[in-house]
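There are 4 protein chains.
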Amino acid sequence: MIKSQLYKLVTREFKPNNTIVNVNGVKIGGKEIIVIAGPCAVEDEDQIISIARNIKKSGAKILRGGAFKPRTSPYSFQGLGKQGLKILAKAREITRMPIATEVMDTENTKLVCNYADILQVGSRNAQNFSLLKKLGKCNKPVLLKRGMSQTLEEFLSAAEYILKEGNPHVILCERGIRTFETATRNTLDLSIVPLIKQRTHLPIIVDPSHGTGLRNLITPMSKAAIAAGADGLLIEVHDEPEIAKSDGHQSLNIAEFQHLMLELKSISKAVGRTL
Amino acid sequence: MIKSQLYKLVTREFKPNNTIVNVNGVKIGGKEIIVIAGPCAVEDEDQIISIARNIKKSGAKILRGGAFKPRTSPYSFQGLGKQGLKILAKAREITRMPIATEVMDTENTKLVCNYADILQVGSRNAQNFSLLKKLGKCNKPVLLKRGMSQTLEEFLSAAEYILKEGNPHVILCERGIRTFETATRNTLDLSIVPLIKQRTHLPIIVDPSHGTGLRNLITPMSKAAIAAGADGLLIEVHDEPEIAKSDGHQSLNIAEFQHLMLELKSISKAVGRTL
Amino acid sequence: MIKSQLYKLVTREFKPNNTIVNVNGVKIGGKEIIVIAGPCAVEDEDQIISIARNIKKSGAKILRGGAFKPRTSPYSFQGLGKQGLKILAKAREITRMPIATEVMDTENTKLVCNYADILQVGSRNAQNFSLLKKLGKCNKPVLLKRGMSQTLEEFLSAAEYILKEGNPHVILCERGIRTFETATRNTLDLSIVPLIKQRTHLPIIVDPSHGTGLRNLITPMSKAAIAAGADGLLIEVHDEPEIAKSDGHQSLNIAEFQHLMLELKSISKAVGRTL
Amino acid sequence: MIKSQLYKLVTREFKPNNTIVNVNGVKIGGKEIIVIAGPCAVEDEDQIISIARNIKKSGAKILRGGAFKPRTSPYSFQGLGKQGLKILAKAREITRMPIATEVMDTENTKLVCNYADILQVGSRNAQNFSLLKKLGKCNKPVLLKRGMSQTLEEFLSAAEYILKEGNPHVILCERGIRTFETATRNTLDLSIVPLIKQRTHLPIIVDPSHGTGLRNLITPMSKAAIAAGADGLLIEVHDEPEIAKSDGHQSLNIAEFQHLMLELKSISKAVGRTL
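Residue numbers (my numbering), protein chains in the order written: chain A, 1 to 275; chain B, 276 to 550; chain C, 551 to 825; chain D, 826 to 1100.
Be careful, since some hints might not be right.
[Unchecked claim] Within a straight-line C-alpha distance of at most 30 angstroms, the following computed DSS-like cross-link-like pairs (lysine-lysine) qualify:
id, chain 1, residue 1, chain 2, residue 2
1, C, Lys-795, D, Lys-833
2, C, Lys-683, C, Lys-577
3, D, Lys-1094, C, Lys-660
Read the hints as simulated data drawn from the structure, not as lab findings.
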């Protein structure tokens, strides 16, 4: 099969210039490195507002938080649902930061779309084509995470599903792939960053939190991501990682996040970007 | 995390005896090896009816065929949709074989449920938890395919989502996993068959067509699957594989399928099963 | 690169008929399924002789045991070395079973060659080309294990190194590959068995002990291997697996091995083989 | 098994300070990023001397080149052998750059040791324990490449083999691992860089040439490696990549290498290193 049969609209041949996704004034894919931060799951209002204020102070531009959580086990915390979306909206109202949150299925796409500024597709839904088609008809930017065992070709084909339906506002996200290595939760595949920049016009960001699953790898891998050409980062931040309901071991606390942002300034400058 | 937190209802500790899923009289998980066969995609009525008649003659007990097709590229044939379901229903009426077909999202679960006797969940939806929950509320058997990079623990947790919502009629299906090997389309992981039989009470079948992607591996790997303890097989059969709209290279033709079924008789007997 | 540049002598195009490797009268690659059994490591003389007598009674045709052991850690038991070879030779004298043992480097190839009837190349040396070339100049059969992440093409190319130097007596061995799955030690890739039978004239055996790392998977996966077309099996057997110095958790005890051999008879017959 | 049983001497618990490997005055593991460059295989004298002069001018500190080449197929160019070592020695004499070259087996360890300043162990020999032990008795620094499917634990255990025999001068090298992704030759696992810096005192360098297999990924992944904390790089450079006897598609030409070195200056400075 030739590539043109898999995808077309995402390629640089089709559109030579970088796509810059504008999220309420925050531009992803331009000169500025955009950091999206926040907790894995929305747990309560005070927590989110406090985290949002703090990360904004440190330089984060977009707040993330899960209201609908895809969890391996049905016995794990599944998120606050609509109540979580309302809390995120409140945090946006207060901090004026756009919010990114996951949409898990076609049935509540409209609901999530009403609240979120960025609709995140998780890696377990990376080839949920019904969902991708539906998001292609939304007028909100989509943050498409790479599937755990998705090849570059399949990743770009998944993005093509969204563009083909009419939504060009797609942000790709590398979040680690499944390999034999058990020292890290996943293997962060940074090579895909320059490959995507070369082959497509879409912005690509990196999630070192899920990509490594280890708090003390987030800073070096964030630097590496920017050096490799990423347009932004997705970072898990929690006010009390020790008691987080989900993924605390891979979350930074507020002070660590502040420190990370300071460290990223020089590396961003070294590759001609701002932060 | 201890196992009991991931899943419980699927275990032999919870239910020591084998679950036998009854599909309109066809029993999966008992002494008889059940072969589900048919084309990857439903293409037209005459074709399906002809294939159905022929595979029934050879010993297949259930007809499979895709009406909604999850395809890597948006430019590939996406299936006939509702029209495909109607064709399958017609084939059932004529041959009196139950039909298995894929359900791709929560929105058309009810539609597919109205037509199908077995609701198949494809590997790309193996961790589409919204879909799994919805299927847990259906009264139809679910054929749950393992995700391409799903561990045993995750596979059983996905099944638990369905059981937890009240539907105990789950048939697991090994269909190959993603590895570095490129000689085969996927790596068929037969070790999971005895592991599943030891740990759970659910029936497990094997799909050597997707699992290998190579027509001439279907017979040896079908034999190996039965020898490893599988309760059944899912085999792609097409009247003219050369011109199939999807996956022709891994489909058997009618004569090859007939030959396969003959070969499987002695191996089934050797492990104390019937076919 | 076209295939003919990677390998030639191993192909069926070059030699249409099956190669049957004759090990002191035991023929591997013919109608009879050959079982090679014994402990992972040679620990002491009485143990080996006792195991050898018992497995012979159950139908094993060749005794295996490691004298030089490749161990992940330098602090693990490294084998008895030359003393281990002498013990194996003693066991052969008493039981008249040929012996298979691992050769770890070019320096002691001659030594191992003087004692062993089959020279085993471990998966960590699967692409130790200096060793392969040296074995190509030996006049003893070579049991070549697949590397942990070796593709079929690379596996056959490695075998070609041996044949090219003049030694046609090569037995291939599938022993599991590295994947993301952690439920088993490795993922036993049985699809490679029929692929190898189709493309090459060399015999292929299967090692379910290393391939799964789980004692209670050995019987079902041995059956599956024979059903898939394997010419033999390599089985770890220990008189007291609980106290084995290496790999006890994946070893059968004498009674379990006896039971395995009984179970394999009917499956062998079902695929037209003897045991 | 607890970690202390796998390895001890390589850990920061055993030796808190960074090991700095001194190669004829070139220090690997200190503040300076060290670039080792040269062709995959030594082809002829004029070529090597010309490449050596040019890369030295651009800032490379060590010359690499293969005299003994481990090739997948026995029909591929296997290297010039001893003649290649002599050519490398000549290039060292002229340019006063230390030379790094691969040692493939225990038999010619002494020979290679007589010529080389750094003994490189290729990924196919990453668990050739006989070779590792022998190198542990050499008085030359060892560049140990990670195996294609070697876990961090196994990689460190392999290094432990060398240290345990008395040679503390070990430089680790990440060169990509085997995964399902086919867009790159291997998947460069940069997460292992900070993990190794945290757990061990040994220097770690990165090989983006083998790690990606794509010429136009070398610059971004070199930057990413330095940002992640690597102590150096191993870069394939050829005067005429188009006609190289091995790996030309992943080699930089002289001008591209010069350009790379310029680009790496600012990133090195941004992480507090020099180049």
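Worksheet entry | Proposed proximity, Lys-660/C with Lys-1094/D (alpha carbon, max 30 angstroms) | Violated. Lys-1094/D to Lys-660/C sits at ~54 angstroms, over the 30 angstroms cutoff.
Worksheet item: When you check the alpha-carbon spacing of Lys-683/C and Lys-577/C, does it fall within 30 angstroms?
Response: Roughly 24 angstroms between the alpha carbons, so the hint for Lys-683/C and Lys-577/C holds.
Discussion item. Hint check: Lys-795/C vs Lys-833/D, CA-CA at most 30 angstroms. Holds or violated?
Written reply: holds (21 angstroms)
Hint check: a violation occurs at hint 3 only; the rest are consistent with the structure.
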